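J.: Read top to bottom, the protein sequences are chains P and U.
Residue numbers for the first sequence follow the working numbering, so the first one is 281 and each next one is one higher.
Residue numbers for the second sequence follow the working numbering, so the first one is 1037 and each next one is one higher.
Careful: at least some of the hints might be erroneous.
[As the list claims (entries may be wrong)] Quick list of the computed label-pair ranges, beta carbon to beta carbon:
| id | chain 1 | residue 1 | chain 2 | residue 2 | range |
| --- | --- | --- | --- | --- | --- |
| 1 | P | N394 | U | Q1054 | 41 to 47 Å |
| 2 | P | N310 | U | P1097 | 32 to 38 Å |
| 3 | P | I331 | U | S1063 | 20 to 26 Å |
| 4 | U | E1088 | P | S308 | 26 to 32 Å |
| 5 | P | N310 | U | G1064 | 23 to 29 Å |
| 6 | P | N348 | U | T1041 | 34 to 40 Å |
| 7 | U | A1116 | P | D334 | 45 to 51 Å |
| 8 | U | R1145 | P | D334 | 20 to 26 Å |
| 9 | U | R1051 | P | N376 | 39 to 45 Å |
| 10 | U | R1145 | P | P395 | 27 to 33 Å |
| 11 | P | N376 | U | P1097 | 25 to 31 Å |
If you are wondering where the hints come from, they were derived from the structure by calculation, not from laboratory data.
In this text, all values refer to a predicted model and were calculated from it rather than measured experimentally.
Think of the CB as a built atom: it goes at the ideal place given N, C-alpha and C, for glycine as much as any other residue.
Here is how the chains run, residue by residue.
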Amino acid sequence: AQSVAQPEDQVNVAEGNPLTVKCTYSVSGNPYLFWYVQYPNRGLQFLLKYITGDNLVKGSYGFEAEFNKSQTSFHLKKPSALVSDSALYFCAVRPNAGNNRKLIWGLGTSLAVNP
Amino acid sequence: ETGVTQSPTHLIKTRGQQVTLRCSSQSGHNTVSWYQQALGQGPQFIFQYYREEENGRGNFPPRFSGLQFPNYSSELNVNALELDDSALYLCASSPRQGINEQYFGPGTRLTVT
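Chain P with its partners taken away, still in its complex shape (with noise of 0.2 Å):
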């Protein structure tokens, strides 16, 4: 079956330090990548997506994903961490081939930056 895996649950990182939020998937042919914040009692923003062409991807507020197609996996990265970068952070994946091309998500990794 296909599947997004965010193996943390909860990270934490002092505010100035650099942040990783990971993401593994299990998508059959080359799917497309997408990262979402959400803030307390808000809905989903896009932060940003990879498609194809360099593996860097930047978006908003900072934030950069790297993809790796050999290692399955597209981590969330940030160069310096702000308080206002707590929220939840899901990862989504949407397959390019086969009859399902919805989005399937993570369970979601929980950022917490410390001043």
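Given the coordinates of chain P, work out where chain U should sit on it, guided by the hints.
T.: What follows is chain U alone, placed relative to chain P:
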């Protein structure tokens, strides 16, 4: 702001009742997807509408149904509510099917007692 709006914001219903949730998609978007997000979980895909036709469905029973209107706004209807239906219901719109990112509304918090 994303431009996607949902109503109502919060709703309390009792088991067995029916509920209708509404979504106005962002201008120019003809595809609407509905998700259920239980507390502490990721979004679960319910179904998607593209140009007023259902275009894919997740693992939800038939008592979850929907509509999309000519102006691309959408409704989610849930019959015979169960306690486990308590969740945040999210609507997302996108310009077309495929690789475009989705724009989410703030959600409707449904509580079934």
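J.: Does each hint hold? Answer for all of them.
T.: Structure-based check of all given hints:
For N394(P) and Q1054(U), the hinted distance range of 41 to 47 Å is satisfied, since their beta carbons lie about 45 Å from each other. Look at N310(P) against P1097(U): about 33 Å separates their beta carbons, and that is inside 32 to 38 Å. Hint check: I331(P) to S1063(U), Cβ distance near 24 Å, so the stated range 20 to 26 Å holds. Against the hinted window of 26 to 32 Å, the Cβ-Cβ separation of E1088(U) and S308(P) comes to about 31 Å, which satisfies the hint.
At about 28 Å, the CB distance of N310(P) to G1064(U) agrees with the hint of 23 to 29 Å. N348(P) and T1041(U) have their C-beta atoms about 38 Å apart, which keeps the hinted 34 to 40 Å range intact. Checked against the given bound of 45 to 51 Å, the beta carbons of A1116(U) and D334(P), roughly 50 Å apart, stay inside it. The hint said 20 to 26 Å for the Cβ distance between R1145(U) and D334(P), and at roughly 39 Å that hint is violated.
The hinted range of 39 to 45 Å is satisfied by R1051(U) and N376(P), whose Cβ atoms lie roughly 41 Å apart. Checked against the hint of 27 to 33 Å, the pair R1145(U) and P395(P) passes, with Cβ atoms roughly 30 Å apart. For N376(P) and P1097(U), the Cβ-Cβ distance of about 29 Å falls inside the hinted range of 25 to 31 Å, so the restraint holds.
Of the hints listed earlier, the one the structure fails to meet is number 8.
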